[in-house]
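Protein chains: 2
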Amino acid sequence: MENSKKISPRNKVKLMPKVVVLRWGHRPRRDARLTSHVVLTARALGASGVILSDIKDEKIKESVEKVIKNWGGPLFFEMGKPWKNVIKEWKRKGGIVVHLTAYGENIQTSDVLERIKESGKDILVIVGSQKVPSEFFSEQVSDFNVAIGNQPHSECASLAVFLDRLFGGKELEKEFENAKVRIIPQKRGKKIAKIC
Amino acid sequence: MENSKKISPRNKVKLMPKVVVLRWGHRPRRDARLTSHVVLTARALGASGVILSDIKDEKIKESVEKVIKNWGGPLFFEMGKPWKNVIKEWKRKGGIVVHLTAYGENIQTSDVLERIKESGKDILVIVGSQKVPSEFFSEQVSDFNVAIGNQPHSECASLAVFLDRLFGGKELEKEFENAKVRIIPQKRGKKIAKIC
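Residue numbers (our numbering), protein chains in the order written: chain X, 1 to 196; chain F, 1 to 196.
Think of the hints as simulated: they come from the structure by calculation, not from any bench. Glycine is no exception: its CB is placed at the ideal position from the N, C-alpha and C atoms. Misleading hints may appear alongside valid ones.
Claimed, not checked - Rough simulated footprint, nothing fancy, chain F against chain X, three-plus residues with beta-carbon under 8 Å:
id, segment
1, 17 to 24
2, 36 to 44
3, 61 to 67
4, 84 to 92
5, 120 to 132
6, 187 to 193
Unchecked claim - Residues of chain X clear of chain F, computed beta-carbon distances all greater than 12 Å:
id, residue
7, Arg30
8, Asp31
9, Asp57
10, Phe76
11, Lys174
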């Protein structure tokens, strides 16, 4: 009987998996803005953190810190760790790995998202930039290969739709902590509240 | 009685609005890759076309044409037309304008998407790059200002979530015409079919 009690919205949020995004293949010059967009998308759409693997880029780090300082967090950001170590550690802690790729199971036409949700585990989402190593598709790395449609498009777009569907839209209601500014949604114009 | 008959999935697709994306503020050097991602996202997530306003960028055009040649269409791509003319023409033809902005009505916490859908009209989606002119928020331009969450993130991410929610995911099942290649979704690895 205890288990059949209603889950309040607050509890529901707590039951959602923790999601961390692994950005692989970042090239500081070429990918600067796209990687920034990936990090901002991860933050705004409910991920807990982003790991920029295999490389350090102080400019990205600075821009992330600036956003968190103004718009709030929490969001952790790590960089430089080799991707194999990130995967190994994540799996050791009991998490699963989702690789977003146009070649994977279509999130709309397959039951892949249900299977991911049913696992009830925390999720590391791999988002590539350049052509990814073929190992990413193997059982040693990915538990699921997920396509946001089987067409070429954008890692930002894929990450956004994946998170939106995973969290059922609830991520867009999230209030961030220690923000200095907050947008007050308007039908027209801009309204920003400064938080003292 | 005629009206109460079941709508087949095929008919349902036909009842969906036509969506065209207006990319504003493109700076060829700085925004090249982001604008490409916006166009690819528009194509892969069900838009009929993209207008790059106020500027011509042959490189973007070439890359769009290459994608269509290999992966199929249709997708129209226009560039150089002043944004005011695009809006005017769109409205004259009876369409509505949706401006995606972090300052707008939150797609999750408001009923803005329902109101857009209820209009039953074709939609021009404005996606900015730089800071947009304040006119974009006015009744002369936008019928709706929509926020994919009221946090700063990415125009690619915003466009993707907006289209995914507007089309209820059906856009990811779409088959493209005259494609030379097509991905066959796989749990692991890559499989591409060449279409003769």
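Fill in: Coverage of the segment 84 to 92 of chain X by chain F, judged on three or more residues with CB within 8 Å
violated (count 0)
Practice prompt. Confirm or reject the coverage of the segment 187 to 193 of chain X by chain F under the rule of 3 or more residues with a beta carbon closer than 8 Å to the chain's beta carbons.
Written response: Since three or more residues must qualify, the claim that chain F covers the segment 187 to 193 of chain X holds, with 5 doing so at under 8 Å.
Worksheet item: Does the claim that Phe76/X lies off the interface hold, with its Cβ farther than 12 Å from every Cβ of chain F?
Response: 17 Å, holds
Worksheet item: Any Cβ of chain F at or closer than 12 Å to Asp57/X, or is the non-interface label fine?
Response: 16 Å, holds
Worksheet entry | Reported absence of Asp31/X from the contact zone with chain F (all CB gaps over 12 Å) | 8 Å, violated
Practice prompt. Run the C-beta distances from Arg30/X to all of chain F and say if the shortest one exceeds 12 Å.
Written response: Nearest chain F Cβ is 8 Å from Arg30/X, so the label is violated.
Worksheet entry | Check of the segment 61 to 67 of chain X against chain F for coverage (Cβ-Cβ below 8 Å, three residues minimum) | Our answer is that it is violated, as 1 residues pass the Cβ test (under 8 Å) against chain F, missing three.
Discussion item. Between the segment 36 to 44 of chain X and chain F, are there enough contacts, at least three residues with CB-CB distance under 8 Å, for the coverage claim to hold?
Written reply: Our answer is that it holds, as 6 residues pass the Cβ test (under 8 Å) against chain F, meeting three.
Worksheet item: Would you say the segment 120 to 132 of chain X counts as covered by chain F, given the rule of at least 3 residues with C-beta under 8 Å?
Response: Coverage by chain F is violated for the segment 120 to 132 of chain X (0 residues, Cβ < 8 Å).
Practice prompt. Test coverage of the segment 17 to 24 of chain X by chain F using CB-CB distances below 8 Å; three residues minimum.
Written response: violated (count 0)
Worksheet item: Minimum Cβ separation between Lys174/X and chain F greater than 12 Å?
Response: Given that some Cβ of chain F is not farther than 12 Å from that of Lys174/X, nearest at about 8 Å, it is violated.
The structure does not agree with the numbered hints 1, 3, 4, 5, 7, 8 and 11 stated previously, though it agrees with the rest.
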